[in-house]
Each structure stands twice: as C-alpha cells, then as structure tokens.
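Colleague: Relying on the hints, combine the two individually framed chains into one complex.
Same order as they appear, the protein sequences are chains D and R. Residue numbers for the first sequence, in our numbering: 1 to 171. Residue numbers for the second sequence, in our numbering: 1 to 194.
Hint data in this document are derived by calculation from the structure and do not stem from the laboratory. Predicted model only: the values in this text are computed from it and were never measured. Be aware that a few hints might be false.
[To be verified] Lysine to aspartate or glutamate pairs mimicking DMTMM-like chemistry, simulated, CA-CA at most 20 Å apart:
{"#": "1", "chain 1": "R", "residue 1": "Lys-187", "chain 2": "R", "residue 2": "Asp-136"}
{"#": "2", "chain 1": "R", "residue 1": "Lys-94", "chain 2": "D", "residue 2": "Glu-156"}
{"#": "3", "chain 1": "R", "residue 1": "Lys-94", "chain 2": "D", "residue 2": "Glu-137"}
{"#": "4", "chain 1": "R", "residue 1": "Lys-187", "chain 2": "R", "residue 2": "Glu-69"}
{"#": "5", "chain 1": "R", "residue 1": "Lys-94", "chain 2": "D", "residue 2": "Asp-157"}
{"#": "6", "chain 1": "R", "residue 1": "Lys-187", "chain 2": "R", "residue 2": "Asp-75"}
{"#": "7", "chain 1": "R", "residue 1": "Lys-187", "chain 2": "R", "residue 2": "Glu-57"}
{"#": "8", "chain 1": "R", "residue 1": "Lys-187", "chain 2": "R", "residue 2": "Glu-134"}
{"#": "9", "chain 1": "R", "residue 1": "Lys-187", "chain 2": "R", "residue 2": "Glu-87"}
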Amino acid sequence: MTSHTWRRLLMLLTASSLVAVYLVWWVGYATAHQDTRYRALPAGAPATVQGTTVRLEQLTRTARLADQIGDRTVAPVPGALWVVARLQIVQHQPGPTWTSSFLLLATTGATWQSTYPPVSRTLGAYDSSKPAPQEFEQVYEVPATMASRLAGIAIEDSTSPARGPVLRPPG
Amino acid sequence: MTLPPRLASVLLAIGCVAVATVGLRSTQPDVDARDYNVQIVPGRVGQAVHIRGGELEVTNVRFGSALAEYGEVSDRTAGMFVVLTIEASDTGTKDLQLTDSRLFSHEITYDSYGFPGGPLVNPGFRSTLDVAFEVDPDLIDDLTLDIYQSQLISGYAQHARISLGITAETAERWRASGRGRTLEVGKESRQGIG
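Just chain R, same shape as in the assembly (with noise of 0.2 Å):
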C-alpha cells in the first residue's frame, strides 16, 4: 500500500516537528522549569558579577529574627530573616534594573520579604541597599539568590545566581548566628562611580 503523496508530505513534517523538538529539548537535559529561557550569571558572595550592563555583588549576609528600621523594629518572625547587602554599579548607558528577587534552598523558593527586591541604579551611580527573605530555619543549606528583572516580554533574560555558601554542615552554625538578632535595614545608599 502506498501513501497519497499529499499525507505523506503532512506525516514528513509532523515527523520533522517531533525531530526538531525532542532534539532542543535533549540538549538542555538538566534545565529546569524556572530556568527555562534564562540565561544563568553565577557567583558568589564577594565577587562581582557582570549583567544587563553593569557589576553587581552580594557583599554581606545576616541572619536574624527581627527587621529594624531608623532603631525602631518594624518586623518579627517566628522563621529567620536573611538580609543581603548588595552592591550594584551602572557602568552601562541605560538603568540597571534589577528589583526582582528570590532565595532558592533546594525545591524551596522564598520570594523577597517587601519591594524593591534589588537595585534600580542610574548609569555612572553605584548604589548599596538591604534586602530581606523570611525563611524556614530548617531549610537554609545551599541558599541561593535569584536577582533579575521580569518583563513583560522578554526574550532571553540574564538571572543573577548568587550562592550564599551555607552548606548542611555551617546551616547550624548560620541558624544561631540570627537567633534574637534584630537586623536593621532600609538605608540606600547611592555615589557616583569615580
């Protein structure tokens, strides 16, 4: 029995389809789904990262129980508050817009506990600010920033990956550095890159 060329034209293409699709998707075999059209900038803390045009750099990590602004605590958890400090320099020519953010801990995604998440720096300025996560205790090793900017549309966007550096073996040790600590934050700061 022999196919009418017209079908076997339309089961070619299908069959090209199916090709073209199995083969994109065995060559990102480990992508995972938030991952997915994103291209990874990694680092860690103290070292500057280059993205969208400029440096960013996570330059401290604290943990506490209790957020505190201008002296006057603002916020309490029964958790842990993780704040970061971040340094971000516009050595571009357009914004450095970067006011999304989340901590990863394994499956566990902890989005950022107020806005901004991140910097909006303007270019020649290098700006500092706070930034703060409510977490569960018990599951801090491997902290992760996710730091990036979403858009409506966007084609391939660049994700910050920041990792904190808490292993399983130094969770405990992070976990009693924030016990009855309360964390002040909220003072931005900005200056012009010299």
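Chain D on its own, in the form it takes in the complex (with noise of 0.2 Å):
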C-alpha cells in the first residue's frame, strides 16, 4: 500500500476511535444521570440551596396523626404509618424563588411525596411569603415496612445537576 493509503485509513481509525470514545462516555454519563442523586449531610446539618438555607429539626413516625386543634388522631391507610419532618428555613436570599420540594427518602433510594394532613396542625406547610426564621411541617405517608429504612428529607433543586442534599435530624 501507498502511504496515502495508510494515511486514510489512520484517518479513519482516529475517527472511529473518538466516535467510539464519546459513545462510551456518553452511555456513562447518561447512565450515571438518570436517577436522581443525592448527598447525606451529617446529622443535623443544615442545606443551602438556590440560597435558602434549611434545617431538619425532627424526623418522627407515628402509628396515628394528632389533630393539634381538636382531639382525634387519625390512622394511616392499612400497613402503613405517617411520619412528620419538622423543619426550619433558616436563612432566606432577598428575593428568593425556592423551586424545590422536600421528599422522604429510603435508603433503599425509594422518595415519598409529602401529603396534605387530614388533620389540623399547629404548624402548617412552607410558606414562600412568610420572612425567615421560618418553621413549618411536612407529612407522609409510608409502607411501614420502611419505617427503619428512612434516611431524611431530600431537597430535589430542579434548577441543578448537583446531588440534592439529604437533611438528618440532629443526633
């Protein structure tokens, strides 16, 4: 062979090579990217995120939900039980607009929505209007086979491809 034969065909297996690299690299990362990741914090550590700074006071289950106002308590649905985070926005940016949601997370990576209580609490839900320090409640509603699985409350920042941080109660 002629060496502009051998200089075309190292031309194509350079480009062979680089098509082959970043379609392994891709696949990775793609991979790697698909579920949403997360970060343990140390036990009571506060999370900033799009600069609001927040805190888990306590992580408590409970076979029944009181109503805080009147006097019943209300049962999950079968096979399940509630648990409340009790949390704390600290410090707030001027002018923030928090887009993130707080969800319950399993070690197993299973996250939980929070649900709206069926009873009256004395704390209510987050309110973007209220000025920090802010303390509010979140209520879910898990299988009770994963109450001693619970790793904390994960803050999913929509707006980033960062790891969400995973708040844990304080020690």
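Modeller: Okay, here's the thing in structure tokens:
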C-alpha cells in the first residue's frame, strides 16, 4: 500500500476511535444521571439550596396523626405509618424563588412526596411569603416496612444538576 | 460505462440504508402500527404481570348499562360499560404510573371512560381501583386491556396487554350479565405492602 492509503486508513481509525470514546462516555454519563442522585449531610447539618438554608429539626414516625386543635387522631391506610418532618428555614437570600421540593428518602432509594395532612396541625406547610426564620412541617405516609429504613429529607433542586442534599435529624 | 467513484459511493450508501430498512421491517412481520416500539407484557385476568418495577393484575371484569358512585347513578349508556378492577403493587423505588389505558376488540379501540385510566402507586404501596370503558355490545369478543404510561419521549415503552378472556362463544353470556345492571365504581383503596 502507498503512504497515501496508509494515511487515509489512519484517519479512518482515528475518527472511529473518537466516535467510540464519545459513545462510551455518553452512555456512562446518561446511566449515572438517569436517576436523581443525593448526598447525605451530617446529622443536624443544614443545607443551602438556591440561597436558602434549611435545617431538619425532627423526624418522627407515628401510627396515628394527632389533630392539634381538636382531640382526634387519624390512622394512615392499612400497612402504613405517618412520618412528620419538622423543618426550619434558617435564612432566605433576598427575593429568592424557591422551587425545591422536600422528599422523604429511604435507604433503598425510594422517595415519597409529602401529603396534605387529614387533621389540623399547629405548624403549616412551607409558606414562601413568610420571612425567615420559619418553622414548618411536612407530613408523609409511607409503608410500615420502611420505618427502619428512612434516610432523611432530600431536597430536590430542579435548577441544579448537583446531587440533592439529604437532611438528617440531629443525633 | 463506468460510474464516477463519488456517485458510486452515494449509490452504495443508499443501497445499504435500503437493505437495513428492509431487514428491520422483515424481522417484525406481524407488528401492528399501535405496537411499534413497544414491549408487550402479556397476561390474563387473575394473573399478575411484572411491569415497570411493579406488579399489575386485573382481578374482576363487570358489564353493565349504568355507572354509580356512592350509590347514585352517574352515567348511563345505550351501549355497555365494562368496569375492570385493577390491582397494582409498587415493589420498586419509583412511582408505578400506568394511568393510560384502552380496550381492543380486533380493530376497534375503546378509550377509558373518565380519568385516570389506571393506577398511580407510590413505592411500597398496593392500590386497587376501577377503570370503566364504554363499548359497543356487539363488539366485545376478544376484548384486551392495553395499559401503559404515555411519555413525551419514550425509547421503548412497556405495555401490559391483558386478555379479558371473552370469546365469540361466551360474548352473549357477558352481554346478558350486563343488561340493566348498574355498576358501582370510584372507590380507590390503598395499603402498604406487608
């Protein structure tokens, strides 16, 4: 073969290798980022997302959710329990648009959205119009089998590709 | 006469694409247009199928001419209603969402009557709900439930395809079971998986 033919073969090989490297990188990146990723914080440590600092003060499991104005209690659906997260907005950046959500995260990777409590509670849900510091409560209904496998409250920030912080109650 | 090399290359490339297309099509000779790019998970009434990290089962099939909610008739039809009781268990870590469904009878497709068309279950829970369809009583043999989650962008969606077990021989018996009957629907129940 002439040197010209060798050069063309080398070019083809180089281009094929570059395409192969790109495909391998892209498949690896897409697989790693397919699911939302989280990073656990030390117990009691706050997290700052979109300029707002949040702390988990308490994470309580209970078989019956108490009405804090009346005197009744409400059971979850069969085979489930209530989990109540008491959180505090420590600091707001001036004029933030808070677009994060607080998910209850299990060590298995399962997550649950908060539910509207079926009873009256003293602390309400997060209110963006209130100034910091602000205490609020999130109520979750989870399978009873997950009671011992709760990791904490994950903050999902749709505006950032970074791992979502997982708040853990103070030890 | 010889073709210029560049033209020959283009013709060869077109030929390769044509052969690949024919090859792809010929490996799927019986694929219906509605099954294109879909993985079918077949099943029948009373049998749980595994789909999207969970389980789904049609536990009951009822025919009637009216629907009722909380004891009050909400809808009547000149045709016939089919109400399927669907039980779904989420054994995975993500929500099991199968809220789109339709019934097939040969070439006829019936969309679900009302919303949702199927369950949305959170991890670790089991949900039971009724899904209604309005059908032509004369076209119910070989009725098959197609239940799935429609996505804006989907690579290869999974559809559960549950045969209701109605044949041309048994269709009249099913029709008779629904004449003048009111079907109670609408009470979804949930429970944690033990």
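Colleague: For each hint, tell me whether it holds in the structure or not.
Modeller: Cross-check of the supplied hints:
no., hint, result
1, R:Lys-187 x R:Asp-136, "violated, 25 Å"
2, R:Lys-94 x D:Glu-156, "holds, 15 Å"
3, R:Lys-94 x D:Glu-137, "violated, 24 Å"
4, R:Lys-187 x R:Glu-69, "holds, 8 Å"
5, R:Lys-94 x D:Asp-157, "holds, 18 Å"
6, R:Lys-187 x R:Asp-75, "holds, 16 Å"
7, R:Lys-187 x R:Glu-57, "holds, 17 Å"
8, R:Lys-187 x R:Glu-134, "holds, 19 Å"
9, R:Lys-187 x R:Glu-87, "holds, 13 Å"
Violated hints, in rising order: 1 and 3; the structure is consistent with all others.
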